[in-house]
Amino acid sequence: MSDIADRVKKIVVEHLGVEENKVVENASFIDDLGADSLDTVELVMAFEEEFGIEIPDDAAETIQTFGDAVKFITSAA
Amino acid sequence: MRRVVVTGLGMVTPLACGVEETWARLIAGQSGAGPITRFDASGVVTQYACEIPLGDGSDGTFNPDDWMEPKDRRKVDDFILYGMAAAVQAVRDSGWVAVSDEDKHRTGVMIGSGIGGLSSIAETAVLIKERGAKRVSPFFIPSALINLVSGQVSIRFGFKGPNHAVVTACSTGAHAIGDAARMIAFDDADVMIAGGAESPISEIGIAGFNACKALSTKRADDPTKASRPYDADRDGFVMGEGAGVVVLEEYEHARARGAKIYAEVLGYGMSGDAYHITAPAEDGDGGYRSMAMALKRAGLVPADVDYINAHGTSTMADTIELGAVERLMGDAAAGVTMSSTKSAIGHLLGAAGAVEAIFCVLALRDQIAPPTINLDNLAVVPKLDLAPNVARKRKIDVALSNSFGFGGTNASLVIGKVRH
Chain S
1 MSDIADRVKK IVVEHLGVEE NKVVENASFI DDLGADSLDT VELVMAFEEE
51 FGIEIPDDAA ETIQTFGDAV KFITSAA
Chain Y
1 MRRVVVTGLG MVTPLACGVE ETWARLIAGQ SGAGPITRFD ASGVVTQYAC
51 EIPLGDGSDG TFNPDDWMEP KDRRKVDDFI LYGMAAAVQA VRDSGWVAVS
101 DEDKHRTGVM IGSGIGGLSS IAETAVLIKE RGAKRVSPFF IPSALINLVS
151 GQVSIRFGFK GPNHAVVTAC STGAHAIGDA ARMIAFDDAD VMIAGGAESP
201 ISEIGIAGFN ACKALSTKRA DDPTKASRPY DADRDGFVMG EGAGVVVLEE
251 YEHARARGAK IYAEVLGYGM SGDAYHITAP AEDGDGGYRS MAMALKRAGL
301 VPADVDYINA HGTSTMADTI ELGAVERLMG DAAAGVTMSS TKSAIGHLLG
351 AAGAVEAIFC VLALRDQIAP PTINLDNLAV VPKLDLAPNV ARKRKIDVAL
401 SNSFGFGGTN ASLVIGKVRH
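Chains S and Y are the protein sequences, given in the same order.
Numbering (the numbering used here) for the first sequence: 1 to 77.
Numbering (the numbering used here) for the second sequence: 1 to 420.
For reference, chain S alone in the conformation it holds in the complex (with noise of 0.2 Å):
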């Protein structure tokens, strides 16, 4: 897994207080992580901070999954 992928994966899980294993491509944020809409707001907001980018409003309702912000992180960074 690539480095960005597991920083990623490591502010999930510290942030929403899941297993790591849960942590997977497809796993939604919400609707499998437990998070709710205020989660989301703060999980792009790590991001930001973690990768030094700026992830616009309209890009973050995009980042539904972990596969999605690795992908949005990847080609920003």
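Treat the hints loosely; a few may be bogus.
As the list claims (entries may be wrong) - Straight line, CA to CA, 25 Å or less: simulated SDA-like cross-link-like pairs of lysine to any residue:
#1 S:9 x Y:71
#2 Y:75 x Y:47
#3 Y:71 x S:32
#4 Y:71 x S:30
#5 Y:129 x S:9
#6 Y:71 x S:7
If you're looking for bench data, these hints aren't it; they were derived computationally from the structure.
Since the structure of chain S is provided, determine the placement of chain Y on it from the hints.
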């Protein structure tokens, strides 16, 4: 009018996490004061306070993990964490489990705070200044709002009755219990989880109260001696932190489920000073009227009162309250014991009235009045017993608890042994 009894107790105080642990140390005359460790206090005048003892949860220490999961704790200021811990204790102690929709609809929450998420507000303001407004957490507002103790507790237990929060500075805890008792009396609910929570030991909190000249400043050499209500050498209050929560229940409801009934809320009085933003009126009339109203509601006379838990903050205002109590008690003053437990736990601001109401409940249960510690040289000669330094074994059928707050807001509760 429907009768209201106390069926559950919970607290987190500078003496300990837990009701029995705190009570044992209080009766033993221990102090919860020490040097401030919550933040770097080198920049503030008063560098001591009464902090909750943190630890692994054993021996009365407070372990946050025991009360909220780490992922949820990031979303709350400490006052909410303390309030949740006290509420969970109280609900467990009561044995009340709301199963049916009807039970849930008839159970409410009323836990207030004097200031709420002061640290979160301060830290977020600094964050905006240093890194810009876009870095503000989506959890900032719900972590700081005062009514979010009640909100969080309702979510944890599914209590869907009245959800409310009192904000009356240092009278908050007493007002919350009094108002919640009325909600039960008025048939808005059968069970109310009521109390107060506070986490003011932060740079902004200490600096603010130092600026008001409210805090003790001269006892850095021995903080355990700093809170000394009624003593000639007192020089201000000592900041505390924590929470107190009770389960209030309609009498027949409690009887029907075979609940352990600690005591009955007999009376509740309120008044305003209309005098000054931080100082009590010098004639003590506001406190007098608050106590008199509470006794009237209880259908009692001053001579019926055995124990008074004073507001007694260890400031100049102590003697004003003492004067008001002596005026109220008249010839019966010699028969009453009054103590300030703030001598041991400091001033818990919005949590104080709730914690002190619980001390009254325990005084009734164990027939013992907790001491006023550090009372070595009386500031004035009192007409009543102030239980200096040693707990007083005595008959206690009726207890009265006073709480007075900035803005000139006064609340008194009368709590008594339940009469079946």
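Inset, instruction - Quick one: which hint numbers does this structure break? Sort them smallest to largest. - result: Going through the list in order, the structure violates hints 2 and 5 and respects the others.
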